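Q: Chains A and B are the protein sequences, given in the same order. Read in order, the letters of the first sequence correspond to residues 1 to 437 in the working numbering. Read in order, the letters of the second sequence correspond to residues 1001 to 1437 in the working numbering.
None of these hints come from the bench; they were simulated from the model. Since the structure is predicted, the reported quantities are computational estimates derived from the model, not experimental observations. No residue lacks a Cβ here, since even glycine has one placed at the ideal position from N, Cα and C. Accuracy of the hints is not assured; some may be wrong.
Which chain A residues stay away from chain B? Per the calculated CB distances, all over 10 Å, these [as the list claims (entries may be wrong)]: (1) Ile24; (2) Val29; (3) Pro48; (4) Ile50; (5) Ile237; (6) Ser249; (7) Asp387; (8) Ile408; (9) Leu428.
Below, a list of computed lysine to aspartate or glutamate pairs in the EDC-like style, where the Cα atoms sit at most 16 Å apart [unchecked claim]: (10) A:Lys73 with B:Glu1315; (11) B:Lys1339 with B:Glu1326; (12) B:Lys1366 with A:Glu154.
2 protein chains.
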Amino acid sequence: MEEVSKRDLNPVKGTRDFSPEIQILRKKVFEKIEKIFQRYGFDPMETPIIEKWEILKGKYGEEAENRLIWRFKLPYSEKEYALRYDLTVPLARFVARFKPKLPFKRYHIGRVFRYEEPQKGRYREFWQADFDIVGAKEISADAEVLNIVIEIFEEFKFKEYKIKINDRRILRGIFEKSLQIKNFEKILSIYRIIDKLDKIGKEKVIKELEKLEIPKNSLNKINELLEISKEKNETIISYLENYQVEEISKAINDIKQILDLVYKKDVIKIDLSLVRGLDYYTAMIFEAVVSKPKIGSLAGGGRYDELIKIFTNTEIPAVGGSIGVERLIDAGLEIGIFKADKKTYSQIAIIYTLEVPIKKIFEIAKELRDYNLNVYMPLKGFNSILDGIKEISKRGIKHALIVGKKEIEENIYTLQNLETREKFKVKLEEVVKLLSV
Amino acid sequence: MEEVSKRDLNPVKGTRDFSPEIQILRKKVFEKIEKIFQRYGFDPMETPIIEKWEILKGKYGEEAENRLIWRFKLPYSEKEYALRYDLTVPLARFVARFKPKLPFKRYHIGRVFRYEEPQKGRYREFWQADFDIVGAKEISADAEVLNIVIEIFEEFKFKEYKIKINDRRILRGIFEKSLQIKNFEKILSIYRIIDKLDKIGKEKVIKELEKLEIPKNSLNKINELLEISKEKNETIISYLENYQVEEISKAINDIKQILDLVYKKDVIKIDLSLVRGLDYYTAMIFEAVVSKPKIGSLAGGGRYDELIKIFTNTEIPAVGGSIGVERLIDAGLEIGIFKADKKTYSQIAIIYTLEVPIKKIFEIAKELRDYNLNVYMPLKGFNSILDGIKEISKRGIKHALIVGKKEIEENIYTLQNLETREKFKVKLEEVVKLLSV
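Use the sequences and the hints to build the structure in full.
A: Right, dumping it as structure tokens:
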């Protein structure tokens, strides 16, 4: 076996190793999100990392297909494989395969893979936390999805977050019916330019739209939409109600109901420039953002009533969302609501000297562990108790049980809080109680 | 977007979809294992699914390299990638990269990928639960590893499990010094044949060994080893003590200490035919098996004092184990200690009729969820309460809160246990207490 060079120790570009300190934080964040999904009646499922290429093909648009999907063959087979690109297409395949009782509320937290140029908050391997309601056309489902997003932002105590919402039917209505742009590809191109509004500003958006050779009056209209988007929800609704286009009226009606059903109405902001990248949305779409730090959206989703049909041949409406856990964690660390300061799950370490028989230490550790304590047991004795205290303090373990020859004879031990240096004489069975204070 | 044929709905061969029923069980099993790792002072880490091919190359032997590792290039790059084949080599890379404080006790539960022919208990994508102590040469570390395995089997209430142990130094000592076979490749070939003992029986093992052109007297010796392996630990130890080979004496001394330190001595069985497939072990090796069902080993591991050096250039001893969670779950389901009978995490569903305003239901759901209950809220009202009860019972939810117009007016609801059909009149705030009884 050859030796490995230093450089090669890094993981693949755009992927990450997580040391215990970070991983303990990540697990806590995932757990809290998961608990909220469960409180909302969602159950977990899992699908493979690897999918057949045919399953992903044609679902994510041209750029993904030609540049972003991890697709490959093995030396041993002619089959084409791909690593999952999101958790939504696997869900659609799953629903078609198992035909679960509808509505099917499931969550799925796991990694997805995109061959993007890595940058802040963007990785080639990253985690998503998805939750979807499959088989419900009711607008209450849309509202429940948004309530979950609200619950998550409240749980983590994010301040000044907003959930922007829009509806693909409004966009389509305005473009097709009012602006006479019926070419779907062209509408998508316009969408993608408008989507950059936050990043590049209004002037550049208008300039890029001009390049698409859109008639002057349409440009004015889009400009008007961008302006109106800054107004209050009520103003935007009144503006849209003037349109007298059936699709737009339906969307507005839905949005009103959503606003009535969400638990925090004032975090919802109608934004007519919100389009979302993915092709498959059909009605309500949303993105959650925080004002600080500037990091892009922390969650997004919407209604996709046509996607599952590709797999099932029958129409199955669906609505869902995805928490961008990577950005959520990055943002939370930056503003200080998350801290990667817990080095270990161990609650107590046993500090013992060389003269104590290791078998006795094994017995003590067993007893403490049987009380459900997380116990770090050093694998050999220390030269002195002081050496042990220094060593264990570095590991971030708060408490030590000090075991010398005398302690064993008397069956009374010293429990020390390594932060406050406080000491207590204890019997083993008293340790649990003292630690939970 | 094209429609997908029925056949294509299956996941990639050797990979699996997990529906909520199975996933809830799997999560429970993983959690229990994880809790035990934590009780033993182990902390979590994570590494990417994708590794550079160079990292895996040369670590797993010829067969893995030419037939089993998922290795590939993307259309967009000349780099060679591989999906992780186990969690041990990524650990070695991690230790070299981060130089964590030693001894480093970490656990890692995650998927690994092997392009094997799928069969019962063998998949192309499967989960491992690894725990390792890096940087401890003390035999107490070996004993702690075995104690964790014991704890896991006890936790799940497996009966008649055994942990077979052996030591590579015994095998090497006997082969090299006593049988004069010094060619390492040949020793490995012999190992692999002996490893099949349980599967193909002693006679076939002897026959295959004959093909390797091993001298007659060596064959007799191996035969003797296989015979002696059936004896009690004490008999085997006495037999080996007669060898007077330094490496064997050291191993025997270690095994004696291990037997002294493990929490259940009687489940440990010295087995001189145990060799383990992987090349990197250097001393103690083990495998845990159950007598029923016949499914191969449910856990395995050992000491590998030379592996990490490849990455770090300095010697770092290590010992660890891997729980074969797939087989553990399959075995547990077969003997009935696991049951995939929990369909949902939801503890209660709200059953309401069409005339109840949905907004009111949203409020009730919110209140119950704020009490930390997992609440399934149907997205529209039922035609009748009876319809609702039928529907919710099918979902495996045990309790229903029945909400009609009258209940809302009086602010008193009916809580029904859908299994026993018992009913209670309750206020919302009383529901938690009644459900936890």
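Q: Is Lys73 (chain A) within 16 Å of Glu1315 (chain B), Cα to Cα?
A: violated, 37 Å
Q: Hey, is Ser249 (chain A) genuinely clear of chain B, shortest beta carbon separation above 10 Å?
A: The claim stands: Ser249 (chain A) keeps its Cβ more than 10 Å from every Cβ of chain B (closest is about 21 Å).
Q: Quick one, are Lys1339 (chain B) and Glu1326 (chain B) close enough, alpha carbons at most 16 Å?
A: Within the cut-off at roughly 14 Å; holds.
Q: If I take the minimum Cβ distance from Ile237 (chain A) to any residue of chain B, is it greater than 10 Å?
A: At about 19 Å from chain B, Ile237 (chain A) clears the 10 Å cut-off, so the statement holds.
Q: Over 10 Å from every CB of chain B: does Leu428 (chain A) meet that, or does the non-interface label fail?
A: holds, 15 Å
Q: For Ile50 (chain A), is the shortest CB-to-CB distance to chain B above 10 Å, so the non-interface label stands?
A: Per Cβ check, Ile50 (chain A) is inside 10 Å of chain B; nearest 5 Å; violated.
Q: Within 16 Å, alpha carbon to alpha carbon, are Lys1366 (chain B) and Glu154 (chain A)?
A: Distance ~14 Å between Lys1366 (chain B) and Glu154 (chain A) Cα, so the pair holds.
Q: Taking the closest pair, is the beta carbon of Ile24 (chain A) still more than 10 Å from chain B?
A: Label violated. Min Cβ-Cβ 7 Å, cutoff 10 Å.
Q: Non-interface claim for Ile408 (chain A): all C-beta distances to chain B beyond 10 Å?
A: With a cut-off of 10 Å, Ile408 (chain A) remains clear of chain B, as the shortest Cβ separation is near 16 Å.
Q: With 10 Å as the threshold, tell me whether Val29 (chain A) passes as away from chain B on beta-carbon distances.
A: holds, 13 Å
Q: May I ask you to check that Pro48 (chain A) keeps its beta-carbon over 10 Å from the closest beta-carbon of chain B?
A: Pro48 (chain A) is in fact no farther than 10 Å from some Cβ atom of chain B, at 4 Å.
Q: Hey, is Asp387 (chain A) genuinely clear of chain B, shortest beta carbon separation above 10 Å?
A: holds, 14 Å
In this structure, the earlier hints numbered 1, 3, 4 and 10 are contradicted, and the remaining ones agree with it.
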